[in-house]
Amino acid sequence: MFAPAENRITMTAGTLSLGGILLFVGLAIAALLLQSGDFGNSVLFDAYIWRVTRFTLLQASLSTLLSVVLAIPIARALARRPSFPGRVWVLRVMALPLGLPVLVGALGLIEIWGRQGALNTALAGLGLQQPISIYGLFGILLAHVFFNMPLIARLFLAGLERIPSEYWRTAANLGMPPAALFRFVEWPVLRGLLPGAAGLVFMLCATSFTLVLTLGGGPAASTIEVAIYQALRFDFDPPRAIALSALQIVMTGALLLALTRVATEPAQSATAGKISRRYDAGTGLSRTSDAGWILFSLLFIGAPLIAVVGSGLRADLVKLAGDPTVHRALVTSIVIAVLSAFFCVTMAAAMIRAAGIVVARRHAPTLARAFAGTVTASTSLVLLVPPVVLGAGWFLLLRPFGDVARFAPAIVVAINALMALPFVHRILAPAMATHAARTDRLTASLGIRGFHRLRWIDLPPLRKPLLMAFSFAMALSLGDLGAVALFGSQDMVTLPWLLYSRMGSYRTADAAGLALFLGLICLIFTMLGTAGDRRVPEGRNA
Amino acid sequence: MNSQAAVELVGVDVRYDTTALHFDCAIQPGGIVAVAGASGSGKSTLFHVIAGFEEPDRGEVRILGKTMSGQAPAERPVSVIFQDNNLFAHLDVATNVGFGISPSLRLSVADRARIDDALGRVGLDSFGKRLPPTLSGGERQRVALARALVRHRPLLLLDEPFAALDPGMRAGMRALLQDLHDQENNTILMITHHPDDVRALADSVLFLDQGRIIAHDPVERFLERRDMASINRFLGNA
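From first to last, the protein sequence lines are chains A and B. Each residue of the first sequence is one higher than the one before, starting from 1 at the first, in my numbering. Each residue of the second sequence is one higher than the one before, starting from 1001 at the first, in my numbering.
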């Protein structure tokens, strides 16, 4: 409507992006379905597959339960203590696992909880012999809680902080005991958040790959994703990989459907963001228990992170820095990360803008409205068809053309771009919608178009979300092991793959050094993503 | 219909999923026309059709005798000032005004002098380097007026321009608008919910109800009307 030529270009770019995504995912699924003729009757849903499925659901259920049970008292303690010295650092430490490459976190946990780890050493000093083994179900649960408990605790904390201060005053005025306060004030808020938070964590744990591969310790503790990888990479058993992939899609589809039904957005209250005085914070018991839970969370999350830095610094970093294999892995990782982030952000921006144009039309045809709906759904497609399943499909599709490793770079870039798409979409869509609402009519009225619009109107206010989306996509790609695990070869080694290989060959000092490198690189990219934020002063009436 | 009219809407139909609007009117040049009516009566849609943000499903929009069918908003002889978000928050005041001269911001020394002059005329000398978020609501609307001044379009559409202002600022903005109108002799259409704005500024009133123009009167006659419930409600008549 405003600038037809521009709209045509945007619509074309959006349609091509959407078509590309659907084609990439569709071909992978088609390859899996077409080759399902190889099944035979015996392998489909045999005892092994059922065992793997049971274990996948068991570990995801237990991981979710433990994460929730631990997150509740930690969130309550932090909510009840809104201003103790160092609180902001506790929150920052709790945010670290969210941006940390999974493999780096796993290595940190091994440093603390592993056979040679700090905890076992301390227990051995007390006369016990290897009382804890991190490999198997225990290690998987530990790692899932390490990554997901902080996420739930932060969600719960945000919910508790939104409770109006009048509630606390009323509770104090009525003399509510702690149990009643939890039951009638805090629990209703937490209960509202619980289905969405728990559902998300269950989904993440059910589709977990790297942690299970690293800490599973064998076939007894294998999830569907890891089983697909093993079926293709080690057993070379495509029928089994296909059956597992079908099972995975059915399971993630059911989970996503359940999630859309249970997840609710918390309502904003008038006092949101303000610190409420907590009248229940003064008792000795609450002080002691809050301090205990906050200290526990700091130790549980902080210790593995410190261990990664400590063991990394003890490694021969100079030798590692001069190692050509490391150089090659670093360059490969960065090139893949830059390319996948570029494609991801470009596709997301084009699709969001195209959907926005369609939605703004007064008489949008049904097909156009369907396009807008499909755009949003397609960004989450990778949640339905996880990276390992996509990889399995493309692995089977490319097998007739010779060594699949030849296609590895393109496939890994595409899968990594798709992996980041749900998150990039969530960063960009609200920012672009707000920007369009503010500027579309004004720029149309003033005739600001094309490059000038991009330079003067669009890029400056959108630079921050674009940078954040780009750096997030890069960090996600840099830490990914899933896609490269299927397609990686001697010729294509990324930093996570190198780290995993060194861990597997017991070159722990090298692995520690690489983990430090990888963690630092991801940290730097995350920091770059939040830089360039030129704050505009608040207006008197703004 | 009068071919010399500033704006003519000839059998204009705009259909939404649940409602349909119809506009037929001719507005003479040189006056200030208040566009009034209850929320949802179609005032903003009327503006969007004139400014080119919406194409009518049927009928024709003419401005100064020329048909506007298929003309992009920037190609129409119209400047628009919205209720808010008139300025690009990340660009300074002078740059925001500069878009009124060149959408690609290719500004000569003479253009920059015109920007300074326009800012002076709206009482914002030395505000050129300020960023919009540091201005009050009234100052931001003055910057938008300065941009409209440098654009020199014969038709100015104001969509509730004083809505976010306190009574003192409203009075100041009304006086400024009247002065600028006297100097420019342009045609102004102004959406308002306030009878005070009508009494203080308007030469005539276009009143809408349920997607139709139900009155188009000189202001004196409009203020004396008692024959329609919706107009009585607007004027506060019992």
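Hints may contain errors.
What the hints assert, rightly or not - Part of the chain A face toward chain B, derived, beta carbon under 10 Å:
hint, residue
1, Arg-87
2, Val-88
3, Trp-89
4, Arg-233
5, Asp-235
6, Thr-366
7, Arg-438
8, Thr-439
9, Phe-451
10, Arg-453
11, Arg-455
12, Pro-461
As the list claims (entries may be wrong) - From the derived model, a few chain B residues whose C-beta atoms are all more than 12 Å from chain A:
hint, residue
13, Ala-1051
14, Ile-1081
15, Gly-1100
16, Ser-1102
17, Pro-1103
18, Asp-1111
19, Arg-1114
20, Asp-1117
21, Leu-1180
22, Glu-1184
23, Ala-1200
24, Ser-1230
25, Asn-1237
Source of the hints: derived by calculation from the structure; they are not laboratory data. Predicted model only: the values in this text are computed from it and were never measured. Every residue gets a Cβ at the ideal spot worked out from N, C-alpha and C, and that includes glycine.
Check the structure against each numbered hint from earlier and tell me which ones fail, lowest number first. 1, 2, 3, 4, 5, 6, 13, 14, 15, 16 and 17
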